[in-house]
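As they're listed, the protein sequences go chains X and A. The first sequence runs 1 to 415 under my numbering. The second sequence runs 1 to 415 under my numbering.
Hints may contain errors.
With a straight-line Cα cutoff of 35 Å, these simulated DSBU-like cross-link-like pairs (lysine-lysine) come out [said to hold, decoys possible]:
no., chain 1, residue 1, chain 2, residue 2
1, A, K97, X, K19
2, A, K3, X, K197
3, X, K359, A, K3
4, A, K189, A, K11
5, X, K197, X, K4
6, A, K189, X, K3
7, A, K11, X, K155
8, A, K365, X, K97
Since the hints were derived computationally from the structure, they do not count as laboratory data.
Protein chains: 2
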Amino acid sequence: MSKKLSTESYKGVRDFYPKDQALLNYIIATWRGVAEKFGYVEYGASILEPSELYKAKGVENEEIVNEQTYTFTDRGEREVTLRPEMTPTVARMVAGKRRELGYPLRWYSVPNCFRYERPQRGRLREFWQFNADLFGSRSPMADAELIAMSYEMMKAFGASDSDFVIKLGSRSYLDSIANQYTLSQEQVKALTALLDKRAKMSAEEFDKAWAMFNIPASVLGADAVPADVAETLRLLGSMGVANAQFDPSVVRGFAYYTGVVFEVFDTNPDNNRALFGGGRYDNLTELFDNEPLPGIGFGMGDETIRLFMEVRGLIPPYIPPVQAYVALASAEVLPEATQLVQELRRAGVAVAQDFGERKLGDQLKAASKQQIPYVIIVGPDELMAGAFTVRNLATGTEDHVGREQLVPYFAALKL
Amino acid sequence: MSKKLSTESYKGVRDFYPKDQALLNYIIATWRGVAEKFGYVEYGASILEPSELYKAKGVENEEIVNEQTYTFTDRGEREVTLRPEMTPTVARMVAGKRRELGYPLRWYSVPNCFRYERPQRGRLREFWQFNADLFGSRSPMADAELIAMSYEMMKAFGASDSDFVIKLGSRSYLDSIANQYTLSQEQVKALTALLDKRAKMSAEEFDKAWAMFNIPASVLGADAVPADVAETLRLLGSMGVANAQFDPSVVRGFAYYTGVVFEVFDTNPDNNRALFGGGRYDNLTELFDNEPLPGIGFGMGDETIRLFMEVRGLIPPYIPPVQAYVALASAEVLPEATQLVQELRRAGVAVAQDFGERKLGDQLKAASKQQIPYVIIVGPDELMAGAFTVRNLATGTEDHVGREQLVPYFAALKL
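With the sequences and hints as input, model every part of the structure.
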């Protein structure tokens, strides 16, 4: 046999063993549940996109396009990119069927996205990212609705109000500063990048970089709340979202934002970072045509929320979808055991079975390794008596259950 | 503004607008439901895999590796492939935690896979593919279980027994023919490829190609049932799967199969093709280490099953997850309408709302375009009276529902 292959995954991506997959499924189900309660419907798209989608002026921040995309040429000489985020895709899809869709349009998706970055805590080369977007409204209620949905998602993951804070900034405020101090386009870009990195810098580093712009520090004061942010905060208050505040440093990295932007921060001092965010982008569909269509949205990654939950003990225990394992006291009862398994499945019990290739003790160990909660032991005596031993593998306790009672027994455990 | 971008997706992949996504979700939910009833648990992995996984001898058929993979070099000079199928990945993951896992191990997954092919009916460059695999058993019951699961899936999609037939072949039978007629390895490969393509050839084409091997046609007779196939067919019969039969032409394209292989065929004469299939591969984990671990599995693509359902009218009607749309008779009731929306959401009603930026008639049209089933009309009179008009957008019928009755009204509709 030739040289053995490694069992490692590709660098910076994850294998989802059943316990990991169950947690990812829980995160996705939580996202879906809140989004649908808010009236959003799911859409999807391929991870493959024509590269031009990300090269258009005003779509991405340049760091992502130049250094962090997976871009390659296919066998037909097309330049293809694995999507680094979902917003350009959703803008493309909405622009493509603009007249058939009704507005305000509420869409959500749970795509996997790809960035070639140095893998580190909370940053992976492939991640899952919930995306919600609302198209066709300039009302501040649209901004408030998306932020309120973020808030409800944090609550749905078990967070309390003190665990996180929602910080709102404004791209239009940034524009007004640029006007007042006559900054060049290059300077605006540098200022945006500096503010976006502020949370990751020391105060000294930031102050030094800030000084180069010759703008008084007072424009960054928390009292200079711009009008769009003030109105959104008022609406959020009326909707019961109390942990939101203005932060002039919140600008978001992507070039396409035009109005209110926001980021949800972990308040844990050991993890004082932006968990996720979003904002208003009123010009993005103009990449595809000339009819303006305002949009607002946010994205929330699976790994950041998983770390948030992990630190706070909010991760639910793993319970496999299999309720019971049918073990064989001796190999010759395989046909009768299979019969029983079929009866149980037809009645809605999720059940795996052994084929009698190993001793009973080894069968129980295998079920235990898989964290299957119950084992039903089938042997000639049990079949004769028409009653089976049901063992709880976690506690070791046993019940003797008649054949006719097995279905109600497991139905009751489900509750 | 610069040149406008196309709103088309990348060639050969699909955009999933809400109706398409809902159907994909239905297909995935059906797969999951049956798999978990059979005691399988979900795992997942990245679409990015080291290319060496597919280049190893005995993993793939050469057509796929040489002509149909998406393979590129990443920014760190690693050769990466977008997975064309899931079996090498699951073998890698099982080999990687071999000792921690319990056997027989039952795993399933719903990955997206990628093949650079000429797009055509039923063949896309990205597709979703259910995969189920059972590791650690040489029992013919394992083969029968996977085939029975395929059968139950077809039934769960609404198929009747006469809509499809399950054809079983055997790689070990192929090996015995090769021995008997002393075929070279190259000849065995050519023979396998020929049999795999038989269903797509005319009888004349096939007979001509077959004649070159100098093997009597009788070895392809349906009466020469090999022992492993006969035993699997017997077990399937005892499990109530009657539409399975031996077909010596069924060999499957992948090089890694070693025992029973099977394909599910559409019996519709207009679509007489293999829908999906699988088989036993007892040596695949030996790519990673020297401990043998038998495996058996199958994969089922979303587009082939969608076409099967479409031809037979089995596709369920689209119902969006949003139950109601709150429309505003006049813009000034927005705060009160938002209040009502929040009450409904908290009580479990999935509801979207208008922000009063357009006339009521336009609001109703937008809800109708989105196929939202009901509209709740909110105006000053309704708020004063504490009762609202609820309009069924499909039928045009209306009910007048008191504020306190709205939640039970929608809860009852859900049933």
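Quick rundown of the hints versus the structure:
1. A:K97 x X:K19: Roughly 13 Å separates the two Cα atoms, so the pair holds.
2. A:K3 x X:K197: holds, 32 Å
3. X:K359 x A:K3: The given pair, whose Cα atoms are some 71 Å apart, is violated under the 35 Å limit.
4. A:K189 x A:K11: Roughly 32 Å between the alpha carbons, so the hint for K189 of chain A and K11 of chain A holds.
5. X:K197 x X:K4: violated, 44 Å
6. A:K189 x X:K3: Holds: K189 of chain A and K3 of chain X sit about 23 Å apart, inside 35 Å.
7. A:K11 x X:K155: violated, 40 Å
8. A:K365 x X:K97: holds, 16 Å
Figure legend: structure checked against the earlier numbered hints; hints not met, in rising order: 3, 5, 7.
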